[in-house]
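Number of protein chains: 2
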Amino acid sequence: MMNVDERIEALRKLMADRKIDVYYIPNQDDHLSEEYTADHFKCKSYMSGFTGDAGCTIITKDFAGLWTDGRYFTQAEDELKGSQVELMRMRQEGVPDPLPFVIEHTPENGLAGFDGRVVSASAALMLSKALQAKGAKIHMSEDLVNKVWKDRPAMPEERLFVLEKKYVGETAAERIAKVRKDMEDKKTDVLVLTMLEDPCWLLNVRGNDIPCTPVPYAYAMVTMKDVFYYIDAKKVPGTVAAYLKKNGVKVCAYEALAKDLAKLHKKTIWADLSTLNAELYSHIGQDNSIYNAISPIMHYRSVKNAVEIKNLKNAHVKDGAAMVKFLRYVKKNADKDMTELSAQNKLYELRAEGKDYIEPSFETIAAYQANGAMMHYTATESSFAKVYPKGFLLVDSGGTYKDGTTDITRTISLGKLTAEEKRYYTLVLKGHLALMRPHFLSGTTGNNLDILAREPMWDINIDYQCGTGHGVGHVLGVHEGVHGIRWGLPTPSRPSVPLEAGMIVTDEPGIYLPHELGIRIENELLVVKDTKNFYGQWLKFENLTYCPYDLDAIDVSLLNDVEVDQINEYHKEVRKVLTPYLSGKDLEFLKKATKKLKK
Amino acid sequence: MMNVDERIEALRKLMADRKIDVYYIPNQDDHLSEEYTADHFKCKSYMSGFTGDAGCTIITKDFAGLWTDGRYFTQAEDELKGSQVELMRMRQEGVPDPLPFVIEHTPENGLAGFDGRVVSASAALMLSKALQAKGAKIHMSEDLVNKVWKDRPAMPEERLFVLEKKYVGETAAERIAKVRKDMEDKKTDVLVLTMLEDPCWLLNVRGNDIPCTPVPYAYAMVTMKDVFYYIDAKKVPGTVAAYLKKNGVKVCAYEALAKDLAKLHKKTIWADLSTLNAELYSHIGQDNSIYNAISPIMHYRSVKNAVEIKNLKNAHVKDGAAMVKFLRYVKKNADKDMTELSAQNKLYELRAEGKDYIEPSFETIAAYQANGAMMHYTATESSFAKVYPKGFLLVDSGGTYKDGTTDITRTISLGKLTAEEKRYYTLVLKGHLALMRPHFLSGTTGNNLDILAREPMWDINIDYQCGTGHGVGHVLGVHEGVHGIRWGLPTPSRPSVPLEAGMIVTDEPGIYLPHELGIRIENELLVVKDTKNFYGQWLKFENLTYCPYDLDAIDVSLLNDVEVDQINEYHKEVRKVLTPYLSGKDLEFLKKATKKLKK
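Keeping their order, the protein sequence lines are chains A and B.
According to my numbering, the first sequence is numbered sequentially starting from 1064.
According to my numbering, the second sequence is numbered sequentially starting from 1064.
Simulated from the structure, these hints should not be mistaken for laboratory data.
Please read all numbers here as calculations on a predicted model, not as lab measurements.
There could be a bad hint or two in this list.
For chains that are exact copies, the list does not tell them apart, and a pair is met inside one copy or across any two.
[Said to hold, decoys possible] Lysine-lysine pairs mimicking DSSO-like chemistry, simulated, CA-CA at most 27 Å apart:
{"hint": "1", "residue 1": "Lys1465", "residue 2": "Lys1409"}
{"hint": "2", "residue 1": "Lys1197", "residue 2": "Lys1330"}
{"hint": "3", "residue 1": "Lys1449", "residue 2": "Lys1197"}
{"hint": "4", "residue 1": "Lys1329", "residue 2": "Lys1192"}
My request is simple: use the sequences and hints to build the entire structure.
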């Protein structure tokens, strides 16, 4: 097996043969999924050694760089050690973004290369235009990493299943009709669905090609008459094939989309060029016109319907019961032979006991003390820390059940804490609580609310260097939607979007001190309607997550009356909701963990 | 004199003669100033009867509408009574924006009219394009209101003066060089300055054509070689003419800009099409190319330099001393024969005692009880309320001094308050205090911070229906800059802009209950650098305004410890800063008004 530097040299040889000056290796798959992809697509990790789920690698003849964002700096520093790969800290002063770097480092009349299947049409068009200005070109017809990567994992071939109406509230026929109405409104003839979640939502099917996300690798194309579903036939069991046929859906080979796109003439095609890959785009004839916009399904997915809400609340109760059992287990075993890995496995077990459980909604993060500072740290069989009865174990986890997807973080004190540790925990909790409280007018964006959660940390000049919250899918990706709770200037990929009733956001501020500690507290919140009056429609958040905060970690002197009351109300509710699902020592633990806090 | 309905009929006749279907009458002057303009330009008021400073009037053959925003709803309801003019409440559900309304109500092959000098090039281009799609056209060569308005006020002719370097910190030559550098960076040959404040800033001159804003009606055009200043020669005294000549500035007739624009060929012209009027734009030849962007001066104006900051702090101290004298006067005389008008006049007098005082920075709002609910209410000689020793007098006022411009609001209790009144006052104060506290990273926008001030009101489902804060000019307009503290989606005219050290914002949340009460508390805040660390450059606010809050109006039970401490710290500072400027009973009053609040 080659080490990272050897891989880079092998790639540089291939680049030299083709006169490629800069080779760009994103973290994406054929559908431009970024964060969760099949192992087959982990090219940027293979070429850099960095295993985190965001970023990209860029290679030139005398430079190799790994771009990633603040959540991963500590992890990347560790993983890049010993190779020539330089860490490019995204959004830090003086660090160029990857594509501008590619442009800058492609010489006049030079060549920039990438695999056209894992770069979006919009990025490729932008690159191509910018390079043209200096007489340079792009080379996108080859996947050079594939030629270096001998033991590359194959594409997954997991099987589809149908999610019945009782889980999703609408039939595929109803959803197809909804989408066709949108196509009509936008005067489009064809809708190409490229995001992996979109065909799943439309057809009420789920798959298992990506770890922790119940989706298959598939495209769909909707016309006013037909629905074509592009998927490897091996993944479609007979019952699902029959279900699809009954719904008028035509199953086609995964690779057939390129050919079908080439057959379109004089059509108005609704496609999102930021998720349609450059290779597929190249097959669309010039006599068509493109309506370049995110698919209407993104919005439908973000705004949950009443049946989905009823179901996902149910999922959260099951999840909360598993979490309470886990909290007790961890606190009890902190002074025994526990590790991050054994704790993590215990949590997988406890969640799996829940009715209709499918899988974890993402790889559990169980990070002890300083490991918690790596926002997306994951303990593995080969690398994990032992846990001691002091300090914090940060556990960020979730489950996908047939009735919903959960995402929760608790930072658990394992023994005596320092005053500083308690102070940090309490500040994070203050931010977390503050985001739950506002009443807000329709039209309010996550950009308007972020400061509520962030302020206690900013007050001591500490930032958690990531958004405060993201949308959550319904039996789909745990990160979903264009809405979110973030600060700063909106960007095209992170626009400012008004929150609407039915949307879910996570509320997860934190404090991460590299090499020291990591604290995060996360609940999911549902946007619900409040009163409507002279000023307009008011909204507020309803809490979805039921699991105690850690009373042992709170410095009550830092809380005001509003916060103390809020914690007590929450704990009363948690106790009420979870009591029927717990017994014996777990129930005793719940009572203790939710006892009234006094100032 | 005609009443409003008669004016509308007269206009309709002129429209019919020309076959104009819809006539659009904005609130703007030739420079697209909106809020503060000479009386000559108050066409939308003349045609509707509404005297507020924002909105527009639109007339068709069977409809007359006045568009304005939430700050003015109550005032507009009152003023439109008895005429046919309908109030169109902007940004309320179901109310179309004015230009879409014009488009919608211009029939196929019809004609929409307006005076091309008071509509921006960008708006005219948009209208023209939209109407073209239905075969309709625009008619913009005539000012029809001028033909109806017999006793229309003439254009003002006030005289210029020079603001010396000790007030502004930079010479005109230095400022011109700065701007030419920007022109070079953007590869432009010509910069057209259309906003009234821009030539003032560039040349360090001020005028007096607009009440309460020290600017003359003038344009400027900058090339790499010349600076042309378009202004009525009558306004330029000999000393100022000499000063301008010495700085290489060529004074030209105000009307000459159109001709000079027509002379440009094959140039790249930097112009802001949202402040360049459609008439002027029509003179620019097609062989030029337009770089359509806000002038670089907007940013320079927003970010105050060290000399400006030193000076404006001085202005705020003088202003605070006048305000304390005023507070004592008002509280003492509430049970005597005081009116909104007499209070207002007293405040004008007290401010005028300040060294280097020029004029009020805007018309003082002294609004008693329910009048305070009209956000931009002004008592006039013919209409004002008597004041009684109970409830609130809201006073929003400011001064322009040679060393700076101020803007402050205090809501003053005149006697016994109800528990509800105290509660509302305290909630507004809580919001006001909250916006002063944050530490924030460079990149933070006003859109991120607004909720801090707004939350206490939103918590009880009340909104103040306007932004929380705006920029303040330096011896220029009291409303300045594209930055501000606002919520919701950014718009082209109210974009999201990161706050920078040197920017000023006001902090002015409020509660306005129509026909009941109005409370607003306003300080000015300066953005200053805080520490720089691992996370980046931190910023925070420094308070600029020195004037006590009203201890008689605070319900201390609604405040937490942080808030009580903050009020006490502020009052200690106010006492320290203003003591040298007050004596006798005023000083006694200051001590009482800043005494320590106990929870």
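Hint check:
no., hint, result
1, Lys1465 x Lys1409, "within (21 Å within a copy, 72 Å between copies)"
2, Lys1197 x Lys1330, "between (34 Å within a copy, 25 Å between copies)"
3, Lys1449 x Lys1197, "neither (55 Å within a copy, 73 Å between copies)"
4, Lys1329 x Lys1192, "both (25 Å within a copy, 26 Å between copies)"
Consistency with the previously given hints fails for number 3 only.
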